[in-house]
Amino acid sequence: DTEVTQTPKHLVMGMTNKKSLKCEQHMGHRAMYWYKQKAKKPPELMFVYSYEKLSINESVPSRFSPECPNSSLLNLHLHALQPEDSALYLCASSHSRTGGDTQYFGPGTRLTVL
Amino acid sequence: GENVEQHPSTLSVQEGDSAVIKCTYSDSASNYFPWYKQELGKRPQLIIDIRSNVGEKKDQRIAVTLNKTAKHFSLHITETQPEDSAVYFCAAYSGAGSYQLTFGKGTKLSVIP
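Residue numbers (my numbering), protein chains in the order written: chain A, 68 to 181; chain B, 35 to 147.
One thing to keep in mind: the hints can contain errors.
As the list claims (entries may be wrong) - Mimicking EDC-like on lysine to aspartate or glutamate, the simulated pairs with C-alpha atoms at most 20 Å apart in a straight line are:
| # | chain 1 | residue 1 | chain 2 | residue 2 |
| --- | --- | --- | --- | --- |
| 1 | B | K76 | A | E70 |
| 2 | B | K76 | A | E111 |
| 3 | B | K142 | A | E111 |
| 4 | A | K107 | B | E39 |
| 5 | A | K76 | B | E73 |
| 6 | A | K108 | B | D118 |
| 7 | A | K108 | B | E39 |
| 8 | B | K142 | B | D61 |
No lab work stands behind these hints, which were simulated from the structure alone.
Since the model is a prediction, treat every value here as computed from it, not as a measurement.
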């Protein structure tokens, strides 16, 4: 299996809702990433997990809470989001974090915050 | 930290012509340079990459060149086809300190049939 999968594909939520995004890979990769991508912009790094430990948090607001239950799964918990958080949320994985390994992206979750 | 500049922001070419996209980076410790293609509504997909110990790499119609001294790298697409139309992102990976990819702002390539 050489793919990163994400669910759901689309999500619409109100500012008071709590929801979660899920990401899964079965490539044996030990680094996993969350990116946020706005229209016509490059992906913007949010979090990096290396060997299931959070190693980078790019000053992301606390309304975004990442979780890595095991080496194959990555979640992003969302709470009290703002309309400006509407974006494509991409998960990626790579063999390791420190080796300059190729990052493989999932298809993303298109999030709309009303 | 690393800074990656990408030019041009938009590029239109006739089908069959070549397309060239250029990127410069700031961190001399950067050692890995991937190129991603992103079609509308889809995920970024790696199309080619190059490491700092190599000057050029080719895969069929796609090639990447790297000039470490000048700190720039370029994507070359020959015999362009309409399905090459997409946004292309260059990126640089710094092996010292940040351990993360820094992306360029992207180039929207349109191949006109």
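Status of the hints after comparison with the structure:
1. Taking the CA atoms of B/K76 and A/E70, the gap is near 14 Å; set against the 20 Å cutoff, the hint holds.
2. Between B/K76 and A/E111 the CA atoms are separated by roughly 16 Å; this keeps the pair inside 20 Å, and the hint holds.
3. Among the hinted pairs, B/K142 with A/E111 is consistent with the structure: their alpha-carbon atoms are about 18 Å apart, no more than 20 Å.
4. As the CA atoms of A/K107 and B/E39 are separated by approximately 15 Å, the hinted pair is consistent with the 20 Å bound.
5. Only pairs whose Cα atoms come within 20 Å are accepted, and A/K76 paired with B/E73 is accepted, the gap being roughly 16 Å.
6. Between the alpha carbons of A/K108 and B/D118 the distance comes to roughly 19 Å, so the proposed pair stays at or under 20 Å and holds.
7. Taking the CA atoms of A/K108 and B/E39, the gap is near 13 Å; set against the 20 Å cutoff, the hint holds.
8. For the proposed pair B/K142 and B/D61, the alpha carbon gap of about 25 Å is over 20 Å, so the pair is violated.
Checked against the numbered hints given earlier, this structure breaks only hint 8.
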